[in-house]
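Protein chains in written order, with the working numbering: chain A, 823 to 1153; chain B, 823 to 1153.
Rather than coming from a laboratory, the hints here were simulated on the basis of the structure. Any given hint might turn out to be false.
As the list makes no split between identical chains, a pair holds if one copy fits it or if it spans any two.
The list that follows gives simulated cross-link-like pairs (lysine to aspartate or glutamate, DMTMM-like), each with its CA atoms no further than 20 Å apart [what the hints assert, rightly or not]:
| # | residue 1 | residue 2 |
| --- | --- | --- |
| 1 | K1009 | E1032 |
| 2 | K1009 | E892 |
| 3 | K1038 | D903 |
| 4 | K1038 | E1068 |
| 5 | K867 | E880 |
| 6 | K1009 | D893 |
| 7 | K1038 | D995 |
| 8 | K1009 | D861 |
| 9 | K1009 | E970 |
| 10 | K1038 | E1059 |
| 11 | K896 | E1068 |
| 12 | K896 | E915 |
| 13 | K837 | E892 |
| 14 | K1009 | D1022 |
| 15 | K1070 | E880 |
| 16 | K837 | D861 |
| 17 | K1009 | E880 |
Okay, here's what each chain looks like letter by letter:
Number of protein chains: 2
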Amino acid sequence: MPDVVVAVDAMGGDKAPLVPVAGAVEAARQGVGILLVGDQPALEKALEQHGEIPAGIEIIHAADRIHSAEDAVKAVRSKPDASMVVACRQVHEGRAGAVVSAGHTGAMLAASTLILRRLPGVIRPGLAVPMPSIAGPIVMIDGGANAECRPEYLAQFAVMGRVLGRDILGIDDPTVGILTIGEEAGKGTELVQEAYALLDGTPGFIGNIEGRDIPKGTARIIVTDGFTGNVALKLYEGTAAMIFHEIKRGLTSSVRGKVAGALGMSVFKDLRKNIDPEEYGSAYLLGVRGISMIGHGNTGTRGMANGILRAAQGVREDVTGHIQAGLTAAP
Amino acid sequence: MPDVVVAVDAMGGDKAPLVPVAGAVEAARQGVGILLVGDQPALEKALEQHGEIPAGIEIIHAADRIHSAEDAVKAVRSKPDASMVVACRQVHEGRAGAVVSAGHTGAMLAASTLILRRLPGVIRPGLAVPMPSIAGPIVMIDGGANAECRPEYLAQFAVMGRVLGRDILGIDDPTVGILTIGEEAGKGTELVQEAYALLDGTPGFIGNIEGRDIPKGTARIIVTDGFTGNVALKLYEGTAAMIFHEIKRGLTSSVRGKVAGALGMSVFKDLRKNIDPEEYGSAYLLGVRGISMIGHGNTGTRGMANGILRAAQGVREDVTGHIQAGLTAAP
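The task is simple: from the sequences and hints, build the whole structure.
Structure, rendered in structure tokens:
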């Protein structure tokens, strides 16, 4: 009997149901209980590819699914039998401690907020996105759940982000910085200045950071509005991907490159691994009742399995309880 | 007699006056007239290192300078003899067509706005920052002059950015995109949605782009508020610098790496050059009367020389006239 159960939206993501099913099988082999939610015949067929199915995987049939082009809130409200909605309901009704989907990001944000509901005292749930840095994993919060924010949201994001950093990413006493355009408190927007005043003196707070500090890991928890956060995280991923692509092309497109490539590729791969989003799983909507994780649509099996394992860890470590305690303790 | 004169703040930047002087000498050798503004004895000494001084370099003595920690507006107002202020005055008084400084960015923004003054019809000057992409150079505007923006500013930034792209970066009919968090017009902040409505149907406008589109060069002119723009450009530079640093470390820290390094370094250098900010010079404050270019504090001689040459090109191509014509033509 597994100690933790995670509901998996098996119909979400570019390669559903194959990748979610493969990730779930891998996580189940590592002791996580799985509720695999989706079209039963399709899931049974996908499971057949995996030889002996580990105990602790249960299929929950969901007849419908949400597609990537749909309006998020409308889809969630009008499709009670969609796999994502049914998966979220498993957490709300207590059959699972966490839900994971690599489907429509906006719909998963809406489903998590509407079905799991906010924790008491949370003004707005925030999307916490783990990212790599040379100092180790960092967390961007808000990564896009709230395009426009008030200072109080940012103050809560700091508390919630620190819990995620400690309980799931294993960062000891995470530092917190506000993302802005100058290091002095006097710079930036009104939002940043008021959030600074609220955060000043709180645990881990190191002040303002700039865009160039993100890859350095100067602050491990980066607090920002969802507009800036989303632009920044997509730019960060896109820049790394572009540089690796160009280097790979350079290394293989000439004789000179081919010789260097054979020798250099292993060095390059070490670095690539350190930047790989699959290593850190996905994004967490913090501030709802339960763990809600949202994967990239193109997440692979390893990313999916890592995501489910980290979500299970979040349940074991009681992320939700710690967030609630942190928000109650905050001034 | 040079056809164009550029005023250079020779006391601005981390390695002043040596680097600004060396850059100015290089640009003068390529036919640009230079007003070298700063402490006369120090400039004469710095010039001594360059053998024969090209004709067309004239020293303008300025007894004072603005330091990096000073309050920007206060420093500009209270130091009429600071090199940066004197250099801006050369443009305002018609002795130079452009001014270049690698000094205090905020002070140079303030000095350019206060001394050069806005072009008629410009609501807010915008900081246009050339950056690399795999499609060629792109321009981020606003890169930080206006932390909070209104939709009308963004519409003007698009017009001004296109002129810079065409006249100085040599981009044919530059595409324009608004930086936001979703590709559909319905997403993002109120600012983005209203700016979209203003830009819809204007020349080059391709709609919304996301952070990941920046390194791809999906839009060559990226229109955004100065907060988001500044975060994005610093993150972009910081990510590229971090990855190159890590790769270099990997390539030289092992025997395997040393062999690969010797062969692979030249491939790597080709790419590095394509990402190098020194290649594109610095940032341009667009919307003022004359060309105002602001360099990184750590700009090297090549970056400084490139900056001065591009500023001179801006005068020759009549960037200012084209901006004014573009704004008059815009609806």
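Right, here's what the structure says about each hint:
1. K1009 - E1032: Within one copy only: 11 Å inside a chain, 25 Å across chains, cut-off 20 Å.
2. K1009 - E892: So K1009 and E892 pass the 20 Å test across copies only (13 Å; inside, 39 Å).
3. K1038 - D903: neither (44 Å within a copy, 39 Å between copies)
4. K1038 - E1068: between (22 Å within a copy, 11 Å between copies)
5. K867 - E880: within (14 Å within a copy, 81 Å between copies)
6. K1009 - D893: Answer is between; shortest inter-copy Cα gap is 11 Å, intra-copy 37 Å.
7. K1038 - D995: Only inside one copy: K1038 and D995 sit 17 Å apart there, 37 Å across copies, limit 20 Å.
8. K1009 - D861: The answer is neither: 52 Å in one copy and 31 Å across copies each exceed 20 Å.
9. K1009 - E970: both (19 Å within a copy, 11 Å between copies)
10. K1038 - E1059: both (15 Å within a copy, 12 Å between copies)
11. K896 - E1068: neither (41 Å within a copy, 45 Å between copies)
12. K896 - E915: Neither: 22 Å inside a copy, 61 Å across copies.
13. K837 - E892: Within one copy only: 18 Å inside, 55 Å across.
14. K1009 - D1022: within (15 Å within a copy, 32 Å between copies)
15. K1070 - E880: neither (42 Å within a copy, 48 Å between copies)
16. K837 - D861: within (14 Å within a copy, 66 Å between copies)
17. K1009 - E880: neither (53 Å within a copy, 37 Å between copies)
Checked against the numbered hints above, the structure violates hints 3, 8, 11, 12, 15, 17; every other hint is satisfied.
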